[in-house]
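Peer 1: Listed below, chain by chain, are the residues.
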Amino acid sequence: MMRRRDPAPFLPLTPAAFHVLLALADGAKHGYAILKDVEERTAGEVRLSTGTLYGLIKRFLDDELIVELAPAADDDERRRPYKLTALGKDVAASEAARLEKLVVAARAVRLLPRQS
Amino acid sequence: MAARLYYLLLLALPGWFREEFAGEMTAVFRATWRDARRDGLPATLACGWHTVADVLALAVRLHLDAARQDVTYAARTLRRSPAFTTAAIATLAVGMGPTLVVANLLHQVVLQPLPFDEADRLVSVWNADPSKNRHEFPLSTPDFIDFRDQQTVFDALAAHTGTSVAWVGAGEPRQIAGVVTTADLFGVLRVQPVLGRPLVAADSAPGAPRVIVLGSELWRSEFGARPDVIGTSVRIDGEPAEIVGVLPENLTFPRGSAWFWVPLTLDPAAGNRGSHFLNATGRLAAGVTVAQAEATMNGVARALTELYPQTNGGNGIELIPLKTQLNGDASTIIQVLAIAIAAVLLIACANVASLLTVRASLRGQELAVRTAIGATARRLRRQLVAENLLMAGAAGVLAVAIAVPLHRTLIAYRLLALPDRAATFGWTAFAALALFVVAIGVAFAALTARRSAHGDRMPLLTASARHGSSVAIARMRQGLVVAEVAAALVLVVVAGLMLQSAARLTRVDPGFRTDSVITFGVVLPSPQYSTPDARRQFVARAIDNLAAIPGVRQVAAGAYAPMGQMRATRRFAPADRPLPPPGAEPLALDLPVGANYFDVLGIPVVDGRVIDARDTADSPPVLVVSETFARQVFPGERAVGKRIGFFTSRPGGTPPPAREIVGVVRDMRHDDVSRMPYPQMYAPYEQTAWGFTSFFVRTDLDPALVRASLQQAITRIDPQRPIRDVLTTAEIVSGSTARERAMAGMLIALAVIALLLATIGLYGVSATASASRAREFAIRTAVGAQQGQLLRTIVGHGLVTALIGVAIGAASSAAVTRGLGSLLYETPARDPVTFVATAVLLLSVAGVATYLPARRTLDRNPADVLRAE
Numbered sequence: 000m001m002r003r004r005d006p007a008p009f010l011p012l013t014p015a016a017f018h019v020l021l022a023l024a025d026g027a028k029h030g031y032a033i034l035k036d037v038e039e040r041t042a043g044e045v046r047l048s049t050g051t052l053y054g055l056i057k058r059f060l061d062d063e064l065i066v067e068l069a070p071a072a073d074d075d076e077r078r079r080p081y082k083l084t085a086l087g088k089d090v091a092a093s094e095a096a097r098l099e100k101l102v103v104a105a106r107a108v109r110l111l112p113r114q115s
Numbered sequence: 000m001a002a003r004l005y006y007l008l009l010l011a012l013p014g015w016f017r018e019e020f021a022g023e024m025t026a027v028f029r030a031t032w033r034d035a036r037r038d039g040l041p042a043t044l045a046c047g048w049h050t051v052a053d054v055l056a057l058a059v060r061l062h063l064d065a066a067r068q069d070v071t072y073a074a075r076t077l078r079r080s081p082a083f084t085t086a087a088i089a090t091l092a093v094g095m096g097p098t099l100v101v102a103n104l105l106h107q108v109v110l111q112p113l114p115f116d117e118a119d120r121l122v123s124v125w126n127a128d129p130s131k132n133r134h135e136f137p138l139s140t141p142d143f144i145d146f147r148d149q150q151t152v153f154d155a156l157a158a159h160t161g162t163s164v165a166w167v168g169a170g171e172p173r174q175i176a177g178v179v180t181t182a183d184l185f186g187v188l189r190v191q192p193v194l195g196r197p198l199v200a201a202d203s204a205p206g207a208p209r210v211i212v213l214g215s216e217l218w219r220s221e222f223g224a225r226p227d228v229i230g231t232s233v234r235i236d237g238e239p240a241e242i243v244g245v246l247p248e249n250l251t252f253p254r255g256s257a258w259f260w261v262p263l264t265l266d267p268a269a270g271n272r273g274s275h276f277l278n279a280t281g282r283l284a285a286g287v288t289v290a291q292a293e294a295t296m297n298g299v300a301r302a303l304t305e306l307y308p309q310t311n312g313g314n315g316i317e318l319i320p321l322k323t324q325l326n327g328d329a330s331t332i333i334q335v336l337a338i339a340i341a342a343v344l345l346i347a348c349a350n351v352a353s354l355l356t357v358r359a360s361l362r363g364q365e366l367a368v369r370t371a372i373g374a375t376a377r378r379l380r381r382q383l384v385a386e387n388l389l390m391a392g393a394a395g396v397l398a399v400a401i402a403v404p405l406h407r408t409l410i411a412y413r414l415l416a417l418p419d420r421a422a423t424f425g426w427t428a429f430a431a432l433a434l435f436v437v438a439i440g441v442a443f444a445a446l447t448a449r450r451s452a453h454g455d456r457m458p459l460l461t462a463s464a465r466h467g468s469s470v471a472i473a474r475m476r477q478g479l480v481v482a483e484v485a486a487a488l489v490l491v492v493v494a495g496l497m498l499q500s501a502a503r504l505t506r507v508d509p510g511f512r513t514d515s516v517i518t519f520g521v522v523l524p525s526p527q528y529s530t531p532d533a534r535r536q537f538v539a540r541a542i543d544n545l546a547a548i549p550g551v552r553q554v555a556a557g558a559y560a561p562m563g564q565m566r567a568t569r570r571f572a573p574a575d576r577p578l579p580p581p582g583a584e585p586l587a588l589d590l591p592v593g594a595n596y597f598d599v600l601g602i603p604v605v606d607g608r609v610i611d612a613r614d615t616a617d618s619p620p621v622l623v624v625s626e627t628f629a630r631q632v633f634p635g636e637r638a639v640g641k642r643i644g645f646f647t648s649r650p651g652g653t654p655p656p657a658r659e660i661v662g663v664v665r666d667m668r669h670d671d672v673s674r675m676p677y678p679q680m681y682a683p684y685e686q687t688a689w690g691f692t693s694f695f696v697r698t699d700l701d702p703a704l705v706r707a708s709l710q711q712a713i714t715r716i717d718p719q720r721p722i723r724d725v726l727t728t729a730e731i732v733s734g735s736t737a738r739e740r741a742m743a744g745m746l747i748a749l750a751v752i753a754l755l756l757a758t759i760g761l762y763g764v765s766a767t768a769s770a771s772r773a774r775e776f777a778i779r780t781a782v783g784a785q786q787g788q789l790l791r792t793i794v795g796h797g798l799v800t801a802l803i804g805v806a807i808g809a810a811s812s813a814a815v816t817r818g819l820g821s822l823l824y825e826t827p828a829r830d831p832v833t834f835v836a837t838a839v840l841l842l843s844v845a846g847v848a849t850y851l852p853a854r855r856t857l858d859r860n861p862a863d864v865l866r867a868e
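In order, the protein sequences belong to chains A and B. Heads up: the first sequence at position 15 corresponds to 14 in numbering that gives the first Met the number 0, and the numbers run straight through without jumps. Heads up: the second sequence at position 90 corresponds to 89 in numbering that gives the first Met the number 0, and the numbers run straight through without jumps.
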């Protein structure tokens, strides 16, 4: 059985990288869909551009955080969907956990209001 | 439209990234662009800006990442073969380091214009009389005024001359050099003072208050670079003068030694057309060439000759571009060095190239394996380039580490007497080095790639690459051998000629004593020493004081020391004979000397007597002449007893009295060791009493012990009188050949490096060639070929290749040494012995370098060789 790789070396992620992984967390998407997803999720606060996006995609592919799927039969050949791997999910989850700890710490010193 | 622009933008990305993502990225961009357009103009602009910045940032990151990977990989590859890497880097650095130094000299001194505005319009103006083979001699004051007033080809024309004054500052009095000049010089050079004002025409008017402009060095050393020096008064030669200006740093005109600038007053009435002491520098009018200007000026000169045939007969004008003038022999020296170092560099590169071809044969397998497991051709090429660039870059860094101290040494010891501009190490040379590093890195990569990619890859994988030496590679190796032999031959020939020349120069007998004599100069300025009596008194007291120094055996005075800056010639004619036509009068070196001069300097008398104590100011005017003088003026006759007449250069003036020749002495080389003795005449110093004088002190002790007491002896007479140019005659003679010896030494060093590198290179090439043919030799031996026969074939083949190199090298040397003529002393530039000896040397080296590896290969047992395959 293959051992699962440790996500720690990939952390911390840049906000852009984290958002891309988040966008892929609920299913495979192609490039444009990822951009739109990030934009909507952040209410337009984070707008990725093609350079950043494909720079990240290339790195995630190399690091095996995502894989490329075959385009759907009816779709444009250039719209290739990407999907998180198990490792990609682990990395995203670990980053979320890391951020959560930071938030808890911030609450403890009352930088943020305590949750009701 | 936007999509097309976007596609162009993507070209900034690395090719492999584009191949994978460009289509997708363009599609996504199209969609986002459509969204942005829908959201209005601000959104569109923001999207456009974002996209461009983002793609460019990605491009930079990807390229840097790839480069870092390549370099890391290249460094690992190079580390895996430390012997090869060290040899290649060291060889290249040995070639590149000195090249960097010479390239900088070439740029600073030969190629760069002088640091003046539109410097190519500046020329030196000289008198010349080609009919008497006299060139570049100064102008007379009235002639200069006529030239200046009648010329139409210069924007401005300035007259100037060197001067030397006693400077009494904080420490001991010292003699410092300056320039006496017409105010025009600042306009000619277009130099603006950094403080105050330049000299102006009014400063030169008779009776104007005395002013001085300081050079930056004097300003710093004496005044601590204080800005408030303007208006203060200094004493030069005891006279007060007001400081009116300070000139900028690095104003090296006429040479680096000028410390100050004072006005020159040109008085046409007091002038004398026979007294030539003014240097002139002009700025050509726009569009006027040197040749046109020279022709026009010669027109003026001809008119002057018609008006003043007595003084101006034959005197024309010669214009020398100022850069040529200031560079002197330095241009030739630097160009010779450049050729020499280029030869070394060529050999170094050829050696590395030959190492690379050997290594490439081995790497061929490695590269084939990597291709087989999926590396793209582009990736492999990139890595080869990275590897070779890294190697060349390391050699470049090492070269800088060699070059900087080398340059510093060259300048600090003034080994080649180069102009001051040579002291700067400009960025241009470093930029050239960087370019060279890139070029050579790429070339070596191409060489490796070609060699490795030779044929298709499968044979590389299956067959041993060692005996895959193709015809092309063999050709290339032969080409390298030819290049190395040719380059080494050029360098060895040049070095050999310079060595012979320097050896001949150091063996020249200067004609005067070169042990146990020390000499120095003193200037006796007006008004303190305005009368001949005052000067005679000073000299007499100085001789007494100097003679009283313990260890001093004998002291003499003379106007000037041999081989110094000063020199005076004089027109004369034998009295009691028909006068030569005006302008055709012979010239001789005019050397006023005191009693004991010939004893102290050990110049033997050939006939009659020398100048001694009986020659005083009031005794009959006499003359001692040199053998050359006697032979030229009185061929076949006895010179002693003849009378020599002189000319006045002032119209209507009375000529100086004729002098009777009382003695003839052996020639001496007064100008320069390398120049044949000029006719010389010695008049008694007592009867001339010039305002500058030199003393010659013969001692039984080491002259260094006496040196310290010399200034005291003079100070006791006049505390404000500095002594200058304190030198032993041995130093004078060795100084006059210093540059030639330094040059020969450098060329010999380069030639030795070149020979060593070439020998290693030849050996390497033939060793590889022999090894790769081991199998062939084994088979031939097995089927009955004689070893001796095979050996002769191999060595013969090597020698033929070397012979081609020798032929090319000899032809190139002949072209190169032609430019060497002016630097060689009594050594023909195409000395056949040097050429033949060098050719034989290189052929022997080639023969041995071919023989040894071939012998070793043939000595192996053929059966073993074949079994090993």
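These aren't lab readings, by the way, just hints derived from the structure by calculation. Fair warning: this is a prediction, and the values are worked out from it, not measured in the lab. Any given hint could turn out to be false.
Not everything, but these chain A residues come out facing chain B in the computed CB check (under 7 Å) [as the list claims (entries may be wrong)]:
#	residue
1	F17
2	S48
3	T51
4	G54
All C-beta atoms, glycine included, are put in the ideal place defined by N, C-alpha and C.
Peer 1: Now look at each hint and say whether the structure bears it out.
Peer 2: Hint by hint, here is what the structure shows:
1. About 18 Å separates the beta-carbon of A:F17 from the nearest beta-carbon of chain B, more than 7 Å, and the hint is not met.
2. With its C-beta approaching chain B no nearer than about 4 Å, A:S48 sits inside the 7 Å limit, and its interface hint holds.
3. Annotation: interface hint on A:T51 holds; nearest CB of chain B at approximately 5 Å, less than 7 Å.
4. Proximity of A:G54 to chain B holds as hinted, the smallest CB-CB distance being about 5 Å (cut-off 7 Å).
Violated hint: 1 only; the structure is consistent with all others.
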